[in-house]
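Residue numbers (the working numbering), protein chains in the order written: chain A, 1 to 366; chain B, 1 to 366; chain C, 1 to 366; chain D, 1 to 366.
It should be emphasised that the hints constitute simulated quantities derived from the structure, not laboratory data.
Hints are all accurate, no fakes.
When chains are identical, the list treats them as one kind, so a pair holds in a single copy or across two.
DSBU-like, lysine-lysine: derived pairs with alpha carbons at most 30 Å apart:
no.: 1; residue 1: Lys97; residue 2: Lys268
no.: 2; residue 1: Lys268; residue 2: Lys365
no.: 3; residue 1: Lys62; residue 2: Lys97
no.: 4; residue 1: Lys274; residue 2: Lys97
no.: 5; residue 1: Lys274; residue 2: Lys365
no.: 6; residue 1: Lys62; residue 2: Lys143
no.: 7; residue 1: Lys365; residue 2: Lys143
Number of protein chains: 4
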Amino acid sequence: MAGSTFGTLFTVTSWGESHGRGIGAVIDGCPAGLPLCEEDIQRYLNRRRPGQSAYTTGRREKDLVTILSGVFDGRTTGTPVSLLVPNEDQHSSDYDKLYDIYRPGHADYTFDAKYGFRDHRGGGRSSGRETIARVAAGAVAMKALASLGVTVRAYASAIGPVKADPAVFDPDETGRNPFCLPDADAALRAEAFVRECMARGDSAGGIIECVADCLPAGLGQPVFDKLDACLGRAILSIGAVKGVEIGDGFAAAAATGLTNNDAFVNRKGMIAKKTNHSGGILGGISDGSRLILRAAIKPTPSIGAVQETVSRQGEAIQLSIHGRHDPLIVPRAVVVVEAMTAITLFDLLLQNMTCRMEYLEQIYKK
Amino acid sequence: MAGSTFGTLFTVTSWGESHGRGIGAVIDGCPAGLPLCEEDIQRYLNRRRPGQSAYTTGRREKDLVTILSGVFDGRTTGTPVSLLVPNEDQHSSDYDKLYDIYRPGHADYTFDAKYGFRDHRGGGRSSGRETIARVAAGAVAMKALASLGVTVRAYASAIGPVKADPAVFDPDETGRNPFCLPDADAALRAEAFVRECMARGDSAGGIIECVADCLPAGLGQPVFDKLDACLGRAILSIGAVKGVEIGDGFAAAAATGLTNNDAFVNRKGMIAKKTNHSGGILGGISDGSRLILRAAIKPTPSIGAVQETVSRQGEAIQLSIHGRHDPLIVPRAVVVVEAMTAITLFDLLLQNMTCRMEYLEQIYKK
Amino acid sequence: MAGSTFGTLFTVTSWGESHGRGIGAVIDGCPAGLPLCEEDIQRYLNRRRPGQSAYTTGRREKDLVTILSGVFDGRTTGTPVSLLVPNEDQHSSDYDKLYDIYRPGHADYTFDAKYGFRDHRGGGRSSGRETIARVAAGAVAMKALASLGVTVRAYASAIGPVKADPAVFDPDETGRNPFCLPDADAALRAEAFVRECMARGDSAGGIIECVADCLPAGLGQPVFDKLDACLGRAILSIGAVKGVEIGDGFAAAAATGLTNNDAFVNRKGMIAKKTNHSGGILGGISDGSRLILRAAIKPTPSIGAVQETVSRQGEAIQLSIHGRHDPLIVPRAVVVVEAMTAITLFDLLLQNMTCRMEYLEQIYKK
Amino acid sequence: MAGSTFGTLFTVTSWGESHGRGIGAVIDGCPAGLPLCEEDIQRYLNRRRPGQSAYTTGRREKDLVTILSGVFDGRTTGTPVSLLVPNEDQHSSDYDKLYDIYRPGHADYTFDAKYGFRDHRGGGRSSGRETIARVAAGAVAMKALASLGVTVRAYASAIGPVKADPAVFDPDETGRNPFCLPDADAALRAEAFVRECMARGDSAGGIIECVADCLPAGLGQPVFDKLDACLGRAILSIGAVKGVEIGDGFAAAAATGLTNNDAFVNRKGMIAKKTNHSGGILGGISDGSRLILRAAIKPTPSIGAVQETVSRQGEAIQLSIHGRHDPLIVPRAVVVVEAMTAITLFDLLLQNMTCRMEYLEQIYKK
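Construct the complete structure from the given sequences, taking the supplied hints into account.
Shown next, in the form of structure tokens:
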């Protein structure tokens, strides 16, 4: 496979380029009987849609989704769910002059190195528009998870060097500021930082945190398909992500066993943990406490300020990228992190259905 | 699949428990014609073998590997290479009292939650001994990579809070101190820190850095199987890893486009990069510069100091773990990170063989 | 996976129902640089299109294909090729009365048994229209094979009890009679047989033979992914196929070693075989001679004559199926067998690219 | 993957050569809690063991299996079950003279064509000994199926041109004659035929039939992973198989809709079928009636009579193969067909666990 399919049992096949006919996803392995309509998906797509603040691109795509197959009488049928989002509002000619220029921080050079040529219009397959397929498929996973009581939620925990204060975490605040920060004060400082970047034709990055609650203990496979490994692959497969960590993550490397171990306790007859440095995963398997992960998002590589680069032919070039780019991709990437997390969790929930003979007996011995 | 197979074309299937008959790996998809003997593998296994310093477990396993299949006349035949490392020097009775106790930071509870029961002896399948399969298979990948000119090398970049200074990087030093640190001064400070931890029955973690050189540009698939995503999964599937980052990683989240973008330059007719913040990957595809990744290793959860926990039945317990445990796993994990990186890179090298019609013509149109 | 993706490196994901929005295929892993346009695909779709003779359904679908992604400047880019054929000319109301009736020989009952309910309109996902995805993807595989000199061709070798005489094999004749038989005399007898069936509201089946020429020796993997096993899965995954055989097939079971073994000979310096009982495969690997397979196609289950059956509720019913059904599906299935064979062969050609270290050296050591 | 792993959720990885250290299988994805011991597996291996009649090879291998991992306290733990059968009684020197000779009907030439060289001793990886891995893994699948009430049973339905009469089917008879035929009279005629073949240094083939009872309706996936397709791949992956058919198979091609359709009936409140031409599968999904398949086995290619062939260098050679070969492989292949059927069915049973949201609710909403 050339890497456009994700998942083992709940599989998502993504296709499409920025300036082609559209972007789509085919979900195979969605269990039958899940209530599903286009609106269930559209509301997630709306969260990644551009043009919602001064800090994202001014493009005006509606990104309307159509369900082409796999749903009948308002419920999934167990057959592939094909989703289509047509492209529109393309300014392909904006890219004509980039035809043989390698933009720093972009995949232009590596696509040419791999395939010998590329669809250069709007970044082609490496465009951020590719995440539409992820968000659409993630919405289906999210609906399925919700029906089992599992919730997944992401937000920004840092914009550039500005970090949200965990002590003032306010979930409602994430919907009020344009950065999805759960800390109103940090949002103000983030705004100042991003405006500064924009003023000099520069761009910013940040950190997205994602948590899942009410996940059953037992998800993930002990060795190569550990829950952390599956999540790591999912999150690092998102365009601008340069790092991922679970629970205390890199901070755990500096801790000691005494401070990092989470003591088990008996909470009203249920085994629980006193702390959650592990981020809800032990030995690669969910432990029933909150799942916590963080993704490092690099600053948008398309910037207006002048950069050095070369053409395909190796000529030195002074490049200043104008057009409609996001000075900060973090707020639009929040729902993408959420989507990839949901897809991964639902796939592992399905995989877990066959881990004990007694589960088979429950279903087959009626 | 239950997650014991890794890879798409160069696949490694791992099996075995800490106190069972042995640990093994079956490699499928290794191309025919690679010179291979047991010594090629043994020297990697020797690097992860316990008992090599005062800072690792005192167990005395020889961990001798046997090639059971797939090699004839000193070369791989293209059929599965089955590798076996028998277990020995087990003190299973050490674990009798842990039969129904959930050790903090370990997978005891999650295995029970998933499967209903577990092989508790020595951690069973979740033991660090499982990494023998990875190192053995990694040695084969490393040999294949070397024959194509690619090298992979890992070392510690931090032990607990002690960080190696990148400015004094000395590759030879990594073999001289017991921590695999490339900085002799940092090694002295690490020693002090680890001794302190040991004195109070505590343990330490650290960071492992891995670099690959002479990798062709073009490896990795654009969307879900990005080179970073594949590496992320590989590294996060190692027991104690809590985070992974590529290039500048989490630091990139605080940078701006102007400082984080790597300018392309023409270096003697070859397209190269002036800096390498990206760690050798752009758009999920190798860019021909040095590949750089880092893994955060949590402190060993087995500690002598008293911890709170519960039994399987939910009774509160004061636990002090005695036995032969590593106060610091980082030095032995270095070769594991190297192995998983090598397996991932060689698999992607194989996958890349089919990305252009012209490659097919080169092989088939003779 | 829920079985809608076929292939290891050249993968085809199929989606769509008979009376939904359309039928589609996403091809992932097609190498970059293959010249491809819609007409390349359309001419294969035209061969399976209904309404081309008195012996197939009178439906008038144009089945026009659109390439939605993966092709730029007339060549494949290495990214997913998404193909769409919208549905039209549906008479969904024809199926209203079949809502809770289980048609004999159809998948109505088994879909309900599996999923709890089904899209009953036009057979839903189990409709013959699903093969549009296979034929469209097969056209791409065929184009790629052709560029390497490999040809694949199928035709009918029997219609009901009427068998083509191998001694009078005339390739041009397959395009002249409505049954794709390579024997004009057999075609006349087939016509009489099928007319007889139609007169009593009955239907017919037959056998399709498929051959591939100029296939390199070495394709197929020794154990589970033998060339015959891969072809067997491919062909038996086509709706009405009840058997598949390679070379002499079932006749070989009655032969002896002396008559069934193919002697090797030296033909102008090349190793060849004197006979081809094996059908071009030895030990699961192509031997360089002509590949030969045959598929048994059952008679169309939808018939006008009265049949006994039951409703979903278990009531006995006398059923006579009217509507637009093929009394004989064989002529339209010929191109489907060709397509599945081509997809399988091209996938194995790709897989074979990594079977020797020397091939890697040829591509990477430049 | 290079084709040594079979299955999606219950996966079997096979390794080993005829004259190497041994043959083995790693089963991943076996649910936890299945009672399992070596004797469960040994009794299946004993059925394929050579030397049990005058009509099979005189080799005296004990083929004793050891469980190396994945079983604790007599039950599977959910982790990989590694099985090992060491090789013994090898006469490698028997094969010295075959080093550069291409035996007709064998994989010698195709292995060289694929890999450039081969382990020629005893057929290497293409030896019939490879089926030990299948039988061992099949025994585990069989045990799991049995615990859910499903039974799988194979026998010979033809030896060379001698066919068992379905009307006199006697299951006990299959254990009484050396051919596994369920018809004593046919067994006598088969004996005469095989003796005749042996007298002239020739060999024989035959047909193996396999049936499964009490299979739940609903197994198999609608499109590419149809139950028939999965079984077809499984059976055609066995060395000497040249054809496979389901239910009426090739005979269905000559039938008509009226005679081939199976009428549904209401049998004591359960939906059943009046006949079973379909062999228990409709639309690729099990229909709850008996599953029936047949495999065509070619005559053993190793024969004592003189054959023409060539050497690796292309020299013409007169070859007469002496050594310990089976004049008839059918009786020993019966348990292999049974094993591959069981593995396929159990894998699809696992896959089916996730086809409905209500199954997930049954397991997770407690």
